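Residue numbers (my numbering), protein chains in the order written: chain Z, 1 to 505; chain C, 1 to 178.
Quick caveat, the hints were computed from the structure, so don't treat them as lab data.
All of these numbers come straight from a predicted model, not from anything done at the bench.
A portion of the hints provided could be inaccurate.
[Said to hold, decoys possible] For lysine-lysine, the following DSS-like pairs were computed, each having C-alpha atoms within a straight-line distance of at most 27 Å: (1) Lys406(Z) with Lys117(C); (2) Lys173(C) with Lys406(Z); (3) Lys497(Z) with Lys473(Z); (4) Lys24(Z) with Lys225(Z); (5) Lys117(C) with Lys473(Z).
[Unchecked claim] Not close to chain Z: a few residues of chain C, all C-beta gaps over 12 Å, as computed: (6) Met1; (7) Ala7; (8) Val9; (9) Leu11; (10) Ala30; (11) Val31; (12) Ser35; (13) Gly50; (14) Val80; (15) Leu111; (16) Asp125; (17) Ala149; (18) Lys151; (19) Pro163; (20) Ala175.
[Said to hold, decoys possible] Residues of chain Z clear of chain C, computed beta-carbon distances all greater than 10 Å: (21) Leu328; (22) Pro373; (23) Leu452.
C-beta atoms are modelled at their ideal positions from N, C-alpha and C, and glycine is treated no differently.
Residues per chain are reported as follows:
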Amino acid sequence: MAHIVIPPIRRLLARWGVHPDARKYPAAGLASLDAGLPPQLVVSLSQQAGAPARPVVRVGDHVLRGALLAEASGAVSAPLHAPTSGTVIAIGDAPMAHPSGLPGAAITLRPDGLDQWGERIGHPYPITLSPEEIAGRVSAAGIVGMGGAAFPSALKLSLGKRSNIDTVILNGSECEPYLSCDDRLMQECAADIIEGARLILRATGATRLLVGIEDNKPEAINAMKIAAHPYPEVSVIRMPSRYPMGSERQLIHTLTGIEPPAGGRSADVGVVAHNVGTALAVYRALRHGEPLTERLVTVAGGAVTSPRNLRVRIGTPLSWLFAQCGGLRSVPARLVVGGPMMGVGVSDVDIPVGKGTSGVLALTPAEVGEREPAACIRCGSCVTACPVGLMPLEMAARINANELGKAEDIGLGDCLTCGACGFVCPSRIPLVQYFAHARGELRARDRDRQRLERVRQLTEARAERIERAAREKAEMHARRKAERAAAAEAQARAKEKAETEENPA
Amino acid sequence: MEEMLTAVVSLAAIGSGLGLVLGVAARRFAVEGDSRVEEVIAMLPAANCGQCGFPGCAGAAEAIVAGDASPACCPPGGKVVALAIAEHLGIALGDDMDDVLPTIAVIEDALCIGCTKCYRLCPSDAIIGATRQLHGVFADACTGCNQCAEKCPTGAITMQALPTTPGTWVMPKPALVS
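Here chain C stands alone, though its shape is the one from the complex:
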């Protein structure tokens, strides 16, 4: 009986002592979450579309800060977001930027059955429509996140590159002197 009591009391004492140490250490040496993650989240489009392959914009921000992902990994954000993040984190951006072309959702009129699935899903309210009515996309509000295309039962939605107009055309950079 006495042996058992000794064992229980001593283990309880060791346990509570170590617990106290851990508790104090957790308070005293606490490390807040990497503040850069929050800052990068604030720069991302917040559509949580998952095109980057990470769980939402927060996941992407963590990966970018950890160096697992390029700042250019966000297709809806495009060049602007990539440059802003790269500058903020002090990362050099490669020439892979030109591959990121902005796309928007385009609804094929003949295939749309007016099921409303896409516009309920759209994170930026870029789709307008009603039950059994033809849906349309506000090009200005669409980030090209592809969520609507995945859910469309008839495959009426495709992602298409924005056409270049005289207003959006940019004079190409002169070729380097060899």
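Chain Z extracted, bound-state conformation:
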């Protein structure tokens, strides 16, 4: 293992970010538990970034654990697998974790209690597989980024050939407060994570693996260092604790000193980052042939009786998780799926856990600390906090004036929606909500514009078709008329001829 330390000058120059109270204990200090099987599992069809998956089972089908429930549809999508053995009892709208609170399509499974695996085809030495084979198996296992973004991992693996990836970063920063699932995972499954990361390294063709872990997780750093010891290409690096360190750009800059260009992707600078949970899922899929059907979820927040990390089947409802943690000891002011900074506020405890759900929080009114927003005092705190160097106050002012294009001009597209600006704002202005609104609105306008353009083409095509039909009809009439005239003339001539033949004299 190569020993790498972040240069102090890079630490000093990094002025971005915020330092929220970590609040990771007591969950971070307790071994993870299995959450067991709930009476019903709701597997959402759109729990990955990109297109929703297409169901391949029917209501009434009996499936074994790991059986394909839905296949990927389109280039950016991922298949879904049965989290346990049981019967498909419904395919249709079910509650899901979305800021709109709207339901989405899902497959509902009733477990039969046997939890019987279907056929699992693993490989005793997956590292000997070809890069294409590794990417193919990762894709078939339905593995997506488990840090929260849920981007299909196989796409990032096959990126290497085109983009010349030389470095893979394993993201163990877990910078969001409360969350400790990656911390527990690194402490409990360090060896498997490193094996999975080496498979990712092989698939991308990179030569160097950097494991970045924030310095508030010393046990995880130790465990990963021990696991990485035999491999010279792997380095475990201690990073300062700061939010949003887990963002791909910040991570890459902190670990390598390279800054990916605005609007570009990390692959443009030869780096690709994966979450530690993703690496573990990759190892399990290749070594044991297990598709992604469970994950570690942090259940925490002041309203939870005994916060804990739980091994949860995909599709388990939130209410089941709270019940496994001793229930709620007070009425939560807010339920959050994900971390407190970037998570989604929800109001329904029937919402199921997805592949990208890292945490489930039940926060007390004191933790939420909601206050009425006041006017902007132009203190500039948000500008200092912004990890990508934007001017949140100026963007919000432009969005407020309905000048979305002008907000785009000053970098709305580069915003990570990390929430650091809103966190430091002394006036409690909901800055991220402005940016989310503006982006959604711009996307909606783009959609409408494309739709109108399509309709316009249809309208023009129809007008042209009608005109052509009328022209052809007129031409046909003219032709018929000419033909009739010619026929009549021929007839007349024939008659005349016959008459002359009859009377040659």
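Use these hints to put chain C onto chain Z, whose structure you have.
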């Protein structure tokens, strides 16, 4: 006889002289049609549905350029068209934009008799059907121009607002600080 001739000749001379002046003036000082009208026509959906209350998209474009109509007067075009026209003409758009909700035609299955009247009328070919077969609407191609609903003999077609899905939902703008 001579008086009559004088009158005819002089009037003819005055008439032809003035006619010549007018003719030259018409050529020389000709004003082309307002080019902005053409530009606005190019931005409108071209469905000629008449929902704006003007005769076709050309009529609406003239009214918008003349200031008699708001750029937001086109329901099929919606927000996108209104914003584009307002920006092009340099007109400030009020907050009336949010009232313009896109609608599409929905055919009530039980009432459709398959008369084909609607699909022959649809300006964007958004309706599919055949004689005595149930008709259907391609939601993606429908502008909600209402022409089909007006002609439907059984009242099977209604205009309904597009349902919001998680994919089309937009986070609301935060309320202004008081």
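- Under the criterion that the straight-line Cα-Cα distance not exceed 27 Å, is the pair Lys406(Z), Lys117(C) satisfied? violated, 47 Å
- Beyond 12 Å from every chain Z Cβ: check whether that's true for Ala7(C). holds, 52 Å
- Task: Would you check whether the claim that Pro373(Z) is not at the interface survives, using Cβ distances to chain C and the 10 Å cut-off?
- Result: violated, 5 Å
- Test the statement that Val31(C) is away from the interface with chain Z: the closest C-beta pair must be farther apart than 12 Å. holds, 29 Å
- Item | Reported absence of Leu11(C) from the contact zone with chain Z (all CB gaps over 12 Å) | Answer for Leu11(C): holds, closest chain Z Cβ roughly 47 Å.
- Does Pro163(C) really sit off the interface, with its C-beta more than 12 Å from all C-beta atoms of chain Z? About 9 Å separates Pro163(C) from the closest Cβ of chain Z, which leaves it inside 12 Å; violated.
- Item | Beyond 12 Å from each Cβ of chain Z, as asserted for Asp125(C) | Non-interface label on Asp125(C) violated, nearest chain Z Cβ at 5 Å vs cutoff 12 Å.
- Non-interface claim for Ala30(C) versus chain Z (Cβ beyond 12 Å): The claim holds: Ala30(C) sits with its nearest Cβ about 30 Å from chain Z, beyond 12 Å.
- Message: So Val9(C) supposedly isn't at the interface. Is its beta-carbon more than 12 Å from every beta-carbon in chain Z?
- Response: Val9(C) clear of chain Z: closest Cβ-Cβ about 50 Å, beyond 12 Å.
- Message: Against the 27 Å threshold, does the CA-CA distance of Lys497(Z) and Lys473(Z) hold or violate the hint?
- Response: Distance of about 35 Å is beyond 27 Å: violated.
- Taking only the CA atoms, is the gap from Lys173(C) to Lys406(Z) under or equal to 27 Å? holds, 16 Å
- Is it the case that Ser35(C) keeps its Cβ farther than 12 Å from each residue Cβ in chain Z? holds, 20 Å
Hint compliance for this structure: hints 1, 3, 14, 16, 19, 20, 22, 23 are not met, and every other hint is.
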